[in-house]
Amino acid sequence: MAVIGVQASPDRESAQIFKTLVDRNAINFHSLAHGSSIIIRGSGPREIGELTNSLLKSIGVTT
Amino acid sequence: MSQNKRALLIVGSPRCEKSNSEAIGTYLMERLGEKGVVWDKVYTYRLTRTAEGREKLLNAVYGADILVLASPLYVDSIPSFTINAMELINEHRRAIESPKEQKLFVIVNCGFPEPSHNQTALAIYRRFALESGIEWVGGARVGWGMAIDGRSLDSVGGMVKNLMRGLQLAAGALAGDIPVPKEAEELISRPFMPLVLAKLMTSVAGGVGWNSEARKNGVRNRMHDRPYESD
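So the sequences go chain by chain: A and B.
Under my numbering, residues 1 to 63 are what the first sequence spells out, in order.
Under my numbering, residues 64 to 294 are what the second sequence spells out, in order.
Treat the hints with care, as some may be off.
[What the hints assert, rightly or not] A few chain B residues facing chain A, derived, Cβ under 7 Å: (1) Lys163; (2) Thr183; (3) Ile187; (4) Ala238.
[Said to hold, decoys possible] Chain A regions said to be covered by chain B (calculated; three or more residues, Cβ under 8 Å): (5) 12-20; (6) 41-54.
Just so you know, these hints were derived from the structure itself, not from any lab.
Here a beta-carbon is modelled for each residue, glycine too, at the ideal position from N, C-alpha and C.
Work out the full structure: start from the sequences and follow the hints.
The following block contains the structure:
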């Protein structure tokens, strides 16, 4: 399970809440691997691509 | 000091009057009432369904100086209609040039014995307050709600004495315009009984319930199946 959140501006507390919700929901999903990332609104395609690749890699998906 | 102060209890449970959120919140509001605070209550489940209800909700919220939000825990988060109410309140306040000064105190309750399960929901409420320009004055976590079962706290007995004491302290602080002391949050969040005992009782009661459901559905011998387990 790979989950991507979008934030209007960087906010560490909200990001932590999001990550916790993903971690906890992954248990109910019986997810074999899970991870989450936050994209800041306005990020460019390259940044989004790198972040997405890194997220997928973290859960064992190779492209 | 608190003569003209107004407080609003926002009940965030679909069980409305029969909920633990109602029982806990009303106890706090009654203590506020004793201190001269005029109070009222609303139910997000009912009011968020219609345009008229949503307007009523916003008017009630805007008329209050102190907001007390009491809600159940839904999968580490908040019931959807209560999230909807929070979004409406946030949008309303953002649309006003100088929104009124308001305080928010939150109580989240859950069925798990450990009150700590409510921590993430409480963090979400805190973010809501910060992003809406409402002063966050504290929050508390109540576990093992089944012990209250929607009854008024006075009728539950000694098990909830710490909860009631904490709510009394919180009411004193809210009415007196001083920060809610950590002691109040700690008393409200204290388990009703030793956790080991509460867990055992929950496990026994849960076991009876699940086994009975399994028998009814003819899957009693498949209770330990792990269909999603990988090799």
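Against the structure, the hints come out as follows:
1. Lys163: Check failed: Cβ of Lys163/B comes no nearer than 24 Å to chain A, outside 7 Å.
2. Thr183: Holds. Min distance 5 Å.
3. Ile187: Since chain A brings a Cβ to about 6 Å from Ile187/B, closer than 7 Å, the hint holds.
4. Ala238: The hint is violated - Ala238/B has no Cβ within 7 Å of chain A, the shortest such distance being about 29 Å.
5. 12-20: holds (count 5)
6. 41-54: violated (count 0)
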